[in-house]
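Enquirer: Now for the letters of each chain:
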Amino acid sequence: MMDLAYTDAHRAFRAEVRDWMAAHVPKSPLKTLECEEGFNQHREWERVLKSGNWGMVTWPKEFGGRGVDLIEWLIFEEEYYGADAPLRVSQNGIFLLGPTLMEFGTPEQKARFLPPMAAGDEIWAQGWSEPGAGSDMAGIRTKAIRDGDHYVINGQKTWSSRAPFADWCFGLFRTDPESEKHRGLSMILFPLDSEGVTIRPIAQLDGNPGFAEIFFDNVRVPVENLLGEEGKGWNIAMATAGFERGLMLRSPARFQAAAKRLVELYRKKQDTARPAARDLVLQAWQDAEAYALSTYNTASRIMAGGKIGAEASCNKIFWSELDRMMHRTGLSLLGAEAELIGDGAEAAGRWLDGYMFSLAGPIYAGTNEIQRNIIAERVLGLPRI
Amino acid sequence: MMDLAYTDAHRAFRAEVRDWMAAHVPKSPLKTLECEEGFNQHREWERVLKSGNWGMVTWPKEFGGRGVDLIEWLIFEEEYYGADAPLRVSQNGIFLLGPTLMEFGTPEQKARFLPPMAAGDEIWAQGWSEPGAGSDMAGIRTKAIRDGDHYVINGQKTWSSRAPFADWCFGLFRTDPESEKHRGLSMILFPLDSEGVTIRPIAQLDGNPGFAEIFFDNVRVPVENLLGEEGKGWNIAMATAGFERGLMLRSPARFQAAAKRLVELYRKKQDTARPAARDLVLQAWQDAEAYALSTYNTASRIMAGGKIGAEASCNKIFWSELDRMMHRTGLSLLGAEAELIGDGAEAAGRWLDGYMFSLAGPIYAGTNEIQRNIIAERVLGLPRI
Amino acid sequence: MDFRFSQDALDLADGARSFLDGANPPERLRSEDGRDSLWPQLAALGLLGVLAPESAGGLGLHDDSFVLIAEAAGRVCLPEPLVALAAISVPAVLATYPDEVGGLVRGDHVSPPVHPLAPYVHDADKADAFIIAGPDALYGVPSSKARLTPVKSIDPNRNLFRVEADLTDDLKVGGAGLCAVMAVRGATYTAAQLLGLTDAMIQMATDYAKEREQFGQPIGGFQAIKHHLASAQVKLEFARPVVYRAAASLDVDSIARQQVHAAHAKIAANEAARFASEVAIQVHGAMGYTFEVDLHYFMKRAWALETIWGDTAHHSMIINQAVIDGGLDIGPGTTFDAA
Amino acid sequence: MDFRFSQDALDLADGARSFLDGANPPERLRSEDGRDSLWPQLAALGLLGVLAPESAGGLGLHDDSFVLIAEAAGRVCLPEPLVALAAISVPAVLATYPDEVGGLVRGDHVSPPVHPLAPYVHDADKADAFIIAGPDALYGVPSSKARLTPVKSIDPNRNLFRVEADLTDDLKVGGAGLCAVMAVRGATYTAAQLLGLTDAMIQMATDYAKEREQFGQPIGGFQAIKHHLASAQVKLEFARPVVYRAAASLDVDSIARQQVHAAHAKIAANEAARFASEVAIQVHGAMGYTFEVDLHYFMKRAWALETIWGDTAHHSMIINQAVIDGGLDIGPGTTFDAA
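Chains as they are written, first to last, in my numbering: chain A, 1 to 385; chain B, 386 to 770; chain C, 771 to 1109; chain D, 1110 to 1448.
Calculated from the structure, these hints are not laboratory results.
Among the clues, some could well be false.
Unchecked claim - Derived SDA-like pairs: lysine to any residue, alpha-carbon spacing no greater than 20 angstroms straight-line: (1) A/Lys269 with D/His1423; (2) B/Lys653 with D/His1423; (3) C/Lys980 with B/Asp521; (4) A/Lys269 with A/Gly354; (5) B/Lys566 with C/Arg982; (6) C/Lys980 with A/Arg378; (7) B/Lys412 with D/Asp1434; (8) B/Lys653 with C/His1084; (9) D/Lys1319 with A/Arg378; (10) C/Lys922 with B/Pro768; (11) C/Lys896 with C/Ala865; (12) B/Lys653 with D/Gly1436; (13) D/Lys1261 with A/Pro131; (14) D/Lys1319 with B/Pro768.
Unchecked claim - Now the in silico label distances, taken between C-beta atoms and shown as ranges: (15) C/Pro796 with A/Ile302: 46 to 56 angstroms; (16) D/Gly1284 with B/Val433: 33 to 43 angstroms; (17) A/Gly381 with D/Gly1325: 16 to 26 angstroms; (18) C/Ala865 with A/Ala22: 56 to 66 angstroms; (19) A/Asp353 with C/Asp1099: 20 to 30 angstroms.
No residue lacks a Cβ here, since even glycine has one placed at the ideal position from N, Cα and C.
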């Protein structure tokens, strides 16, 4: 029989997280992490988290974690979002690069990079895309050419999230200048204040610099910052992309918290809502619950030695379309106030901010069109033409 | 200023149709036209229609019509469906082949074929598809080879609607055996009782033989049954397909009548309906109305010398997806009765029959996938890859 | 906390699936004869008694062992009402006349469930008795005291009868609580069968899309077809854990929680099946609209199961009462019982 | 019966479109200065007076001549509130103080409409007076007697203020009927602007899809992208005649019919614009999520217009009252007035 009861240890862990969050989560919301002031507030929050040893609970203690299992991670997330705690400015590091380092990094790299990542001392940006290579990463052209014990990088990255204010960046570069497509790429880590790096922030929908372009002009990076083997960057990036679509980046608790807010909003607005809104609110509630159930199942499988496969693509489609539907529904309950932002429009602004954020969901981490191709080809076995 | 008022002549015409239909439409519904008994009932109804001179009101009087304009045709349709009159078993003839004959036929062909078509004396099947050529008509392989003053046809057609019980058939055949794709095809008319024709009915969803396969074994057809020029069949077929997707085949009145029934059903069932059903019912009402408005606009443009272009593809997508949504919504209001058919389940059966019929909508006359390609390429100018 | 099936449950389901795949190929659906010919084998394999105690000849297992079997029965569009009898009738009899369970498990007695949400009973003419949920009590009605009126389903493999009876006190076998249990079990296991049907329809359409060529290539290579099928697969993947949780919940949760879980399961499975059926026929084109391929049997079964044991409107009201009116919070404590 | 625009209306709209395309290129949206710099030209071209009588310096035309101009204004995301003033204020003043219309037509006076469904007024700080719909009467309020509170719109080209005033009897200029007219005109003309925005967003995404290459080809060659855009185009094509009918209906129909037509128009245009905006950003990928391309100005305007002058919930209640409660039949007599 399935064991669907939390253990006493789970309950104790949940109580510990809940109490700590109740005592420490900032009482008023931080500014968005896409502006300098908000970024610094969020970085400060990471340090507060670190003081409670909550930086990345699943990591081994030696790297700044608590070594808890995935069920406890889910419990942590439930309590974290239940307490309305801030978004994680460190997410590129802790959710994407961190797991990649665990799998492909040298002992020295792990010791060097993981603890400050968990502590919020070093915030990471990512450097995948280039102007000609968005969903199609095989089109990467920025070169990192070996010169003695350094790589010399020239070219340009774009859509680098967190780059306007972060400390470090990981990215995929062409280390073999003769290579084409998926071959000859390598994953390299570099400080954003390296000489020759120029960062041009890109204003996103809400006007804040959510991304940046990064220009490289003879940027010298020591070879020990190569992650994994030279020329094997594609495989490593695929693993990272798997983490991005996988379990960690979008934990169900986040959507459950939004569904809960949507129910509360609906209760207030139901007199002026159209009937279909009620069914959409309930669908949001159910879909967020379904996503949690699916994640508990995946976590159980991974804990028993399983892996996430192409179903990660199903996850990514499901949460991104749920998130958009949920915020679209929230906006639809606000009437003429829905367009307002700024002071005095906090409730409205939250739904509009959330809606704008949700519009990126079906685009980043591989567009939903790409994910549907993956499901069709790898899960269903339909032909690639 | 737009003139949106019906003229006195329009009102008189409407009154005439309404009175005649009230006096003549069968009091109890006919059996489905996809079974032999129902087919004969529907053929009989066509003859009754003919007795009132209602066979095809827009056609010239010499061909059995009344020579009325498109606004009057819309009025006719509104009154026809408003009276819950039977489906038109003659539709392949009057809506598809008829207009094609008007455009491409010789005077002899028009005089020979149009009057019995309008009178319901000759019911037409169509012969487009072949086993290897469904949406892709360029794949047609059935040959019609000139031999003296005859064509000799060999091969096979499929999905021939009405063929199990009809009298005549029109179809596209390869008259140039060396030709490929769109070239070398010709449109030929032949009696279904020709020697060498074998008809194998195909059972459709409801179990009735809605289509047939037609096998040709040295079927000899006189050359005067060639429609248009030899080898130009593709252009003629495209014109026919334009009629199929265009104004006539699915007049708005049909969907307005279904929307009206849906509102009535909802009024009866609203206590057990989920809230979203109300919005879907209203959407059906509005979409059927929008389709009528769009058709009045197209009719006005055609009357002023305009043509239907690629927007016919928009029409086809719109009415077929509306029809499916409308019947899906109707079924969703019926609870456990929704699966029942046959005697004692008339209301339920009508929604289920309508739903099954609606499932064919996005498939026939060019799948909606093909229609979306056409819109993307011909209306928006996106590249064909 | 381990939200996975046990290896035993998986092995049992594998066995059932192999048997059903072999014994109920699509060809069997095309014949209207012998719609109940697999009864002896289903009984002999122990499938009727999965949820019955060993003392009654059963396997003494839990619902999380039977839900995969129900899914497998849906996947082959099994005509025999295995799921209704094994998952609804057996527990109802176990709760009222446990001594009678043995007969059901051996297949000697057939006592289908009847409920206001499922008033039409497949093969009711072969039943010995009926277990009927009345307004406030459960009744056991011998077939001699029941009135059967044949009605016709769109699904040619559902041989339906409306079953009615005078629900007199002498026929009462249990209270309203057992009727509620029956409704929850009906919804959960109908949802499980719908998962199987959805899976089968996606598979059929995928197979067809790999074979059928148009414009010089298999239509499964066109992105539009790929994306239709991928969307159906996403709906299936996210309906599954909801249905599995509803089944697991039958053994451990309060009836109020079971009702919410079953409602969610039925809504999610209804949606997945409806969506997959419309995608599957679209992918098949005209072929799917005919008796030339077997898709229509699966679609028609799905349409039937969508509406019985509570349609989406019914279950949506249950969720509404719990969430909007009742204030049931999402998250820990709702996802799984004890947070 | 001729449901087409007159050649005069088409010519006028062509002229307006050429002017707006030239005078309000996307670059203009990027600057927050001079948001009202086109006023003199809009007045000089007669666009403020299309619906005003010739005696007041107007063109003396009907709503079916202005609706295409409103659509053209939406298409370029015009910052100036041309549509509100020319299509809502002018008719309201004409019905109350016809002598004042000349000032509005010349652009000398600016009197924007204020309504409970549109309580936030763009460029209210530049108004001389406000036409305010109260609970049961229409009021003319000089700006000196109005209280303006700045609020911030997501649309950087909407310079919004909440406008409030003490609606005393001496300010009353008309009855409740005029407030209803204002609501109907507001919904219809907001819908017309949404058509233009929808068209623009589809066009931008189409242009981008032709240029942007991924996987070695323009992304517009992928069927998924084609089908997204085609679906948006279908919604636009079937919203258009609904909006045009609502506009034509303003000149000839009863207010009750106008309300249903305007509600339908606003719902259809809302849906088309929302759908097109989500498609357009998806086609643009990350680029659409930024200020690097101009799409965001059009999306934000569309979000704003979706909710003012009645959102979908509001108008859906109007349709419900007419159709479900009121028994308004579909078909002849409803589609167009006199059947």
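Enquirer: Hint by hint, say whether it matches the structure.
Expert: Quick rundown of the hints versus the structure:
1. Restraint check for A/Lys269 and D/His1423: satisfied, since their Cα atoms lie roughly 12 angstroms apart, inside the 20 angstroms limit.
2. Pair hint B/Lys653 plus D/His1423 does not hold up; C-alpha atoms about 24 angstroms apart against a cutoff of 20 angstroms.
3. About 17 angstroms separates the Cα atoms of C/Lys980 and B/Asp521, which keeps this hinted pair within 20 angstroms; it holds.
4. Proposed proximity of A/Lys269 and A/Gly354 is supported: the alpha carbons are some 18 angstroms apart, at most 20 angstroms.
5. A C-alpha spacing of about 18 angstroms is found between B/Lys566 and C/Arg982, which places the hinted pair at or below 20 angstroms, so the restraint holds.
6. Annotation: proposed proximity of C/Lys980 to A/Arg378 holds, straight-line Cα distance about 14 angstroms (limit 20 angstroms).
7. The straight-line distance between the Cα atoms of B/Lys412 and D/Asp1434 is roughly 29 angstroms, outside the 20 angstroms bound, and the hint therefore fails.
8. Annotation: proposed proximity of B/Lys653 to C/His1084 holds, straight-line Cα distance about 16 angstroms (limit 20 angstroms).
9. For a cut-off of 20 angstroms, the pair hint linking D/Lys1319 to A/Arg378 is broken: about 29 angstroms separates their Cα positions.
10. At most 20 angstroms may separate the alpha-carbon atoms for a hinted pair to count; C/Lys922 and B/Pro768 exceed this at roughly 51 angstroms.
11. This hinted pair does not check out: C/Lys896 and C/Ala865 have alpha carbons roughly 23 angstroms apart, beyond 20 angstroms.
12. For the proposed pair B/Lys653 and D/Gly1436, the alpha carbon gap of about 13 angstroms is at most 20 angstroms, so the pair holds.
13. Restraint check for D/Lys1261 and A/Pro131: not satisfied, since their Cα atoms lie roughly 33 angstroms apart, outside the 20 angstroms limit.
14. Restraint check for D/Lys1319 and B/Pro768: the C-alpha separation of about 7 angstroms stays at or below 20 angstroms, so the hint holds.
15. At about 37 angstroms, the CB distance of C/Pro796 to A/Ile302 disagrees with the hint of 46 to 56 angstroms.
16. For the hinted restraint 33 to 43 angstroms between D/Gly1284 and B/Val433, the CB-CB distance of approximately 55 angstroms leaves it violated.
17. For A/Gly381 and D/Gly1325, the hinted distance range of 16 to 26 angstroms is satisfied, since their beta carbons lie about 24 angstroms from each other.
18. A beta carbon spacing of about 44 angstroms between C/Ala865 and A/Ala22 contradicts the range 56 to 66 angstroms that was offered as a hint.
19. Distance hint check: the CB atoms of A/Asp353 and C/Asp1099 are about 23 angstroms apart, consistent with the given range 20 to 30 angstroms.
This entry does not satisfy hints 2, 7, 9, 10, 11, 13, 15, 16, 18, going by the numbered hints stated previously.
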